[in-house]
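Novice: Now for the letters of each chain:
Protein chains: 2
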Amino acid sequence: MRGSLPTPVALTAGAAAPGKEEATLEASLPEAFEAISDYCATLESHFGDMQDIEFTIEDGHPYLLQARTAKRTAHAAVRVAVDMVSEGVLTKEEALLRVDARSLEQLLQARLPAQAELSARGIEPLTVGLPASPGAASGRIVFDADDAVRWAAEGQEVILVRPETSAEDIHGMKAAKGVVTATGGMTSHAAVVARGLGKCCVVGSGGLRIDLQKRTVHVDGSGSSEALREGDLLTLDGSTGHVYTGALDVIASTTVDELHKLMSWADQIRRMRGYAEADTPQAARAALSYGAEGVGLCRTERMFFAQDRLFAMRCALLAVDDERRSRWLMELERAQRDDFVEIFQAMEGRPVTIRLLDRALEEFLPQDEEPLQAIAKALDLELEEVSKAAERHRESNPAFGHRGVRAGLTVPGLYDMQLRAMLFAARDCTDRGAPVELEVLIPMVAFTSEVEALCAVLNGVRRQVFAEPTSLFTCRVGAMIELPRACLIAGELAQYTHFFSFGGNDLTQTTLGISRDDASRFLPTYMNNLGLLARDPFTHLDERVAELMGMTLERAKAVRPDLIAGLCGDQGGSPASIAICERLGLDFVCAPLPQLPGARLAAAQARLR
Amino acid sequence: MRGSLPTPVALTAGAAAPGKEEATLEASLPEAFEAISDYCATLESHFGDMQDIEFTIEDGHPYLLQARTAKRTAHAAVRVAVDMVSEGVLTKEEALLRVDARSLEQLLQARLPAQAELSARGIEPLTVGLPASPGAASGRIVFDADDAVRWAAEGQEVILVRPETSAEDIHGMKAAKGVVTATGGMTSHAAVVARGLGKCCVVGSGGLRIDLQKRTVHVDGSGSSEALREGDLLTLDGSTGHVYTGALDVIASTTVDELHKLMSWADQIRRMRGYAEADTPQAARAALSYGAEGVGLCRTERMFFAQDRLFAMRCALLAVDDERRSRWLMELERAQRDDFVEIFQAMEGRPVTIRLLDRALEEFLPQDEEPLQAIAKALDLELEEVSKAAERHRESNPAFGHRGVRAGLTVPGLYDMQLRAMLFAARDCTDRGAPVELEVLIPMVAFTSEVEALCAVLNGVRRQVFAEPTSLFTCRVGAMIELPRACLIAGELAQYTHFFSFGGNDLTQTTLGISRDDASRFLPTYMNNLGLLARDPFTHLDERVAELMGMTLERAKAVRPDLIAGLCGDQGGSPASIAICERLGLDFVCAPLPQLPGARLAAAQARLR
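These protein sequence lines map, in sequence, to chains A and B.
Counting in our numbering, the first sequence tops out at residue 609, every number present.
Counting in our numbering, the second sequence tops out at residue 609, every number present.
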């Protein structure tokens, strides 16, 4: 349908067929405008999309200089596409293909005007960090979590500025409108917690030099030798990583009726199910409102970051014997059980995939000695014993260390506790007649024996919780496929599991041998300066990772043809990756919450293409 | 040949056929002994191996209680096997299969008596760490590298005891007979450097509590509340990780003539070439004396650990501009060029595989601020600038970060310098008529574009060094295959490379997603307590890693049938892994130096089996 357009071209009064080299117009000015307007309609019908048209009128002749598909906001794009279906210009399928799936995220969260627009107004970012959690926010600078809470209580909107964050800062992160850190990568504490809280966040802003004593922050390369102080205004764009001085206009999130219509068309067409990440009952409720067909990934470790739970988790990890440990694990079990009940209820019988704890254990521990004293007291141990226990958890490469099922099988009681919480929560719900579809996900599987061992633990717990076998709810076991070895043993794993969840982030880390947190040292140079790499493999599924996924499915389905498989992680929200998932025949994609509508649309587009 | 042996059995005078249930002996005592001696010879011939025989004589009747293949030292095993060939009892092939390839390492380095023997004498280890570098040593405790040098100069044998080591300790490690650290894993600084120096070393002895101020070390769980002091005697067994108080008898390394004979038989039979790791000219000369057919892995980064070179390396890494950096790189180039010339000369035209720098850059940097002042001065920069530059090199998971070709392509001049040093060294040698076979190895390849870019750099350097193309020496380019993605793109890589070197350590790390330095948190529990894993995959090639290697070869040979491939890393010295390499059809194995004779034997055994 699309053809090359000759420019400039003189127009006759009345519509000229596009592609016709020349035409003349001899008419009055009003007639000239009418001719252009008619021609525009012809062009839009020809290209099937709104056009930006540049023209000139000389000596009464209108000349068309340029025509191109009009740029528009996501908002406008959705409206135009739906309108054009009403007008009969486009089919529903064409309308679905017309909207950029990546742009929908914009609709659903606060944002700043485009940088080009800001630049035109003379506004440039002060510094740029990593876009750790999308959205935009303005507020007054505070340097301390307690201050954030205090100022917010007084009605101030605040931005928490920290060298990095740790579990001690979570109450401050909750109180702030946004968070910015000087260090850390896309999976740093600040990034992970902010995404979980839905807070806008910029991390790894290397240019920030923060002086916590003086309560100032100086920005290298900003051209200003003057430091910003506590109380000064700052604006963050968590979608681009830009940080600005002052309070910029933040555009609130919007929903349009047309979006619901477009989404309903997408949902009719797409084959893959659209799941959302949700780590809390609140997030599960939000997921449902965003059209999630289930929770594809509930990261249980994130439930431990609240202050009281964190303390219990630390005590459990640093306890030197099973008796002490089990007391604190019991506290955690109570909390998780309550959370799970709420999540099951929120999802009203839709699948809820709960991943067993998966985070390097050292990340739960405090950075310095101070909080260890309270832990030692609570455990009735000497400070030195607790310090040594903490020291034993330190790792050289924590992302590839003692985490996931490795921790679950070697820290006595840890996974038992989580499985008990899940099954008791399911029982609590079914006792009240509420439907539950529980999917237990095992992270960091490298060996079949790990899954065997875990199934044995699960069966033991099941016997504890249910006196006799129950058919009141569904409980399926699945493996995270995030290590190349797991791909290779997919046939064996399929004997023990009902579903696979590809962990895109970790499978990329291990297949490429690139720590995501450290990738910023060279990947940007590879992409932008050396031309060695076209796209960020942590955003767009790498073709070779996709090849491994294909091999995995082939091996697994040879053993269990009805095995369910899907993609989790940040790539689950990327349209290009979703297209690969469709090609591979995956059954679901699981996207971070704000990207879910885009993922549903991308799944439909992939089906159509 | 082997059959079940009935015990006890009474013997007739004269040889009885094994397997015969009963026999009687009526004879005098001397006749009884003679009967037993004859029977022994029959058994040894039956089992084709030396027998340990237990017997009793009651009422003039000799009763055989038990017979089993005799345990013996490696020394004795080699001698017995060779003797049995001379006596015509065994063929050469049978003799080769008779000796445990793993045991040869014992012959070539100092060792302690077996622990069972020590236990019988009431000697138990004080504590156990990781066996980081084999051999055994006794000496007086020192806590500081400078003290080690001073005491050694005074004729003392010393053991350097450190919390961990860094580049500042190397002169002390050289002066000491052995090194023990409280922290660190098998690839920690202490472990890597000690293996390079051929020093016995135990790392990660978590039980050691070292007080550097008081110059004492206390051992947890030793039952003694008394600390050891500077000057006290200590003995290390780097092959088992055992640490003992006092000076135990260290059995010196031995070579036996029979070993040379056995090795010559092995060399006639094996198909795979036997290369050695050698990072220094001394090591290259030693490799030759151990029968290396070439240097399979020269780790150039280890050449930077000497104090003056380390300073230049730090200056190069922390320089903020190309001009400053290139000055320090030039210093390193001179040093590397001299080393390479010596290595080429030592190897007399045999292949020398030089790996471009491959180590997380942060590992070259000092742990604390103090050494940065001298660097700042040398670079004519402010301390703060240098500190910030150092900070930028810190990584969350350094083993999966900015290392290998990633550093080579993004730190301007770094790989150019190394390639220049190699080619100039080759020119220096060929100018004098010395033959050179240079193989340039690119580490951490994940993308074909990396190899393309590196080949472009190499061609540029080649034009700098040689005015016109030379055929005076061979220069081949190879890729380390140590990331699963490299396995998958093997076909593409084979278009640009002449050989592949499988990096067993890293390929295991990435395929299994296990950081080797952190594996001790759970792998021992998996193996010893939970029965989830039969063998340590860092010692024995994992079957799935082997599968990936097989896939790699298939893809590569489809493109380049004459591609040469081999295995490097610690598994290169493991007989079980070498058997897998034979099955896969690899062309060479590259073993750590002390394991080379064992590797040559294992290669012959694999060929025979």
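If you're looking for bench data, these hints aren't it; they were derived computationally from the structure.
Treat the hints with care, as some may be off.
Pairs involving identical chains hold if they fit within one copy or between any two copies, as the list cannot separate such chains.
[What the hints assert, rightly or not] Once the Cα atoms are required to be at most 25 Å apart in a straight line, the calculated SDA-like pairs of lysine to any residue come out as: (1) Lys214 - Phe424; (2) Lys557 - Arg583; (3) Lys377 - Gln268; (4) Lys214 - Glu34; (5) Lys214 - Glu391; (6) Lys214 - Glu369; (7) Lys557 - Glu547; (8) Lys388 - Ser166; (9) Lys261 - Arg271; (10) Lys377 - Asp220; (11) Lys174 - Ser264; (12) Lys388 - His189; (13) Lys214 - Arg392; (14) Lys388 - Thr245; (15) Lys71 - Glu154; (16) Lys388 - Gly185.
Novice: Hint by hint, say whether it matches the structure.
Specialist: Hint by hint, here is what the structure shows:
1. For the homomeric pair Lys214 and Phe424, neither the shortest alpha-carbon distance inside one copy (50 Å) nor that between copies (55 Å) is at most 25 Å.
2. Taking CA atoms no more than 25 Å apart as the test, Lys557 paired with Arg583 passes inside one copy only; the shortest distance there is 16 Å, against 29 Å between copies.
3. When the C-alpha separation of Lys377 and Gln268 is checked against a cutoff of 25 Å, the pair qualifies neither within a copy, at 58 Å, nor between copies, at 68 Å.
4. Taking the closest pair of Cα atoms, Lys214 and Glu34 never come within 25 Å of each other, the shortest separation being 66 Å inside a single copy and 95 Å across copies.
5. For the identical chains of this complex, Lys214 and Glu391 are inter-copy neighbours only, at 22 Å across copies versus 32 Å inside a copy, given an alpha-carbon limit of 25 Å.
6. In this assembly of identical chains, the alpha carbons of Lys214 and Glu369 lie at most 25 Å apart whether taken from the same copy (23 Å) or from different copies (23 Å).
7. Taking CA atoms no more than 25 Å apart as the test, Lys557 paired with Glu547 passes in both settings, with 15 Å inside one copy and 20 Å between copies.
8. In this assembly of identical chains, the alpha carbons of Lys388 and Ser166 lie at most 25 Å apart whether taken from the same copy (20 Å) or from different copies (22 Å).
9. Only within a single protomer do Lys261 and Arg271 lie at most 25 Å apart by alpha-carbon distance; the minimum there is 18 Å, versus 69 Å between protomers.
10. Taking the shortest alpha-carbon separations for Lys377 and Asp220, only the inter-copy value of 22 Å comes in at or below 25 Å, while the best intra-copy value is 43 Å.
11. Neither within a single protomer nor between protomers do Lys174 and Ser264 lie at most 25 Å apart by alpha-carbon distance, with minima of 34 Å and 73 Å respectively.
12. Taking the shortest alpha-carbon separations for Lys388 and His189, both the intra-copy value of 23 Å and the inter-copy value of 22 Å come in at or below 25 Å.
13. Within a single copy, Lys214 and Arg392 get their C-alpha atoms only as close as 35 Å, which misses the 25 Å cut-off; across copies the closest is 24 Å, which meets it.
14. Taking CA atoms no more than 25 Å apart as the test, Lys388 paired with Thr245 passes between copies only; the shortest distance there is 24 Å, against 44 Å inside one copy.
15. In this assembly of identical chains, the alpha carbons of Lys71 and Glu154 never lie at most 25 Å apart, being 42 Å within a copy and 81 Å across copies at closest.
16. For the identical chains of this complex, Lys388 and Gly185 are inter-copy neighbours only, at 17 Å across copies versus 28 Å inside a copy, given an alpha-carbon limit of 25 Å.
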